[in-house]
Amino acid sequence: MGRTSTGLLAGVAGALLLSALATAQDQAPRSPWKYYPEDARANVGPGGPAPARDLTGTWAGESSGAGVKPLIRAESPPPLTPLGKQLFDRNKAQGDILIADSNDPHLRYCDPFGFPRNMNDQIRAMTISTVRDRTFVLIAFQTIWREIWTDGRALPANVGGRGRDAHDPTYNGYSVGRWQDDYTFVVETTGMDPDTWATEGGYPHSVEARVTERFNRTSKNDLALTTIMDDPKLYTRPVKLGEIYFRWIPSQTFFSTTCIPSQLQRYLKEMADPAGKPAAAR
Amino acid sequence: MKPKILMMVFLVAGCAAIETPSLAHHGGAAFDMSAPVMLKNAVVTEFFWINPHPLIKADYKDEQGNVQHWTMELGGVVGAQLVGWSRTTLQPGDVVTLYVWKAKTGAMVGRFNKVDFADGTTMRDSQRGADDGGRADTGVRQ
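In the order they appear, the protein sequences are chains R and E.
Heads up, the first sequence is in the numbering used here, so the first residue is 71 and it goes up one at a time.
Heads up, the second sequence is in the numbering used here, so the first residue is 13 and it goes up one at a time.
Chain R with its partners taken away, still in its complex shape (with noise of 0.2 Å):
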């Protein structure tokens, strides 16, 4: 038997071990404490009738594994106005260029990504949870969680200004949210600290930037999320942040994920910074 024929059974042979042994692994006791990423995606079609105005529960977003629908990215180029030129240009997103030039804060401190960028970037899944006056929305990166006030309150109008009654401009701003109908959730959001980034490229926000999130249920398994942001002080008109898709997790569980500032800094000094500035490599 020559060698190819005696490669071949032995590859087929192992082919049908490994096999085996992969289907004795499958049939491993799932535990609830892990996400499997195979069970979200056997979960498909709409799996009942939409809850009425209930978004409650665990979904997986972008990039989980769970076969969700692509999202659809912010608008480009954005409609800025020339301050909002100058504030973008400013801003040196990583991807075109590299993470030792990049000035994300995120990137370089582990700064948290405030709103509305924490809902479109590493929005790889997410909990809503909702009191008798708010409803909350854990965001599995960085373990963060948004407070949205449904009691009927309008938003503050006085944020970053001066006087007693001025509020300071916080990481995931003020937020206040209703029903629509009985399948659309809206939240209306402001007071964001103009120091973060709208989105993973650097768009930019003033603190009186509007932002208009309406969270769409479907269908028991398909939600839906569109953000629409005015600020006309650095966009001539509102800006479509974009659509994500998310999808219900049927173990209600995800991965964990935290960007922890003394390992950050240890990855910029060994791996970040070594690769992208000749000087840090000698």
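Note that these hints are calculated values from the structure, not bench results.
Straight-line alpha carbon distances no greater than 35 Å define the calculated DSBU-like cross-link-like pairs of lysine-lysine that follow:
| # | chain 1 | residue 1 | chain 2 | residue 2 |
| --- | --- | --- | --- | --- |
| 1 | R | 339 | E | 52 |
| 2 | E | 73 | E | 116 |
| 3 | R | 339 | E | 73 |
| 4 | E | 116 | R | 162 |
| 5 | R | 290 | R | 104 |
| 6 | R | 104 | E | 126 |
| 7 | R | 303 | R | 162 |
| 8 | E | 52 | E | 126 |
| 9 | E | 116 | R | 155 |
| 10 | E | 69 | R | 339 |
| 11 | R | 162 | E | 69 |
| 12 | R | 162 | E | 126 |
| 13 | R | 155 | R | 310 |
| 14 | E | 126 | R | 139 |
| 15 | R | 290 | R | 310 |
| 16 | R | 104 | E | 69 |
| 17 | R | 339 | E | 116 |
| 18 | R | 104 | R | 139 |
| 19 | R | 339 | E | 126 |
| 20 | E | 116 | E | 69 |
Since the structure of chain R is already known, use the hints to place chain E on it.
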């Protein structure tokens, strides 16, 4: 069952694809994507399971007997987990053959491509694990 064996099964049998992550992160601009550098019989000194990217640190003895200290990054932690990696996939002392897209700066750092284990199995990077430097997660399930 070692994840690396499971990975080999999936590569042989072929499985349902996962969606292609649409993140714009971490392209190949910093690395020479023309051909990976092969580090045969490298010794893992550390496997640092961190965000934004796990790091593999390994010592490689070149043909002249000089020991090179390499650092390479995997795709992000979640992406790595989706293609079968965990914090224990590599451990200090493991003797493996590493393939890395070397940094254009000339430093001994780079983007991980794949690793061949002593038992004949292979594990790849989520984003740069294909032989041409493309994604390797298509056709792979956890």
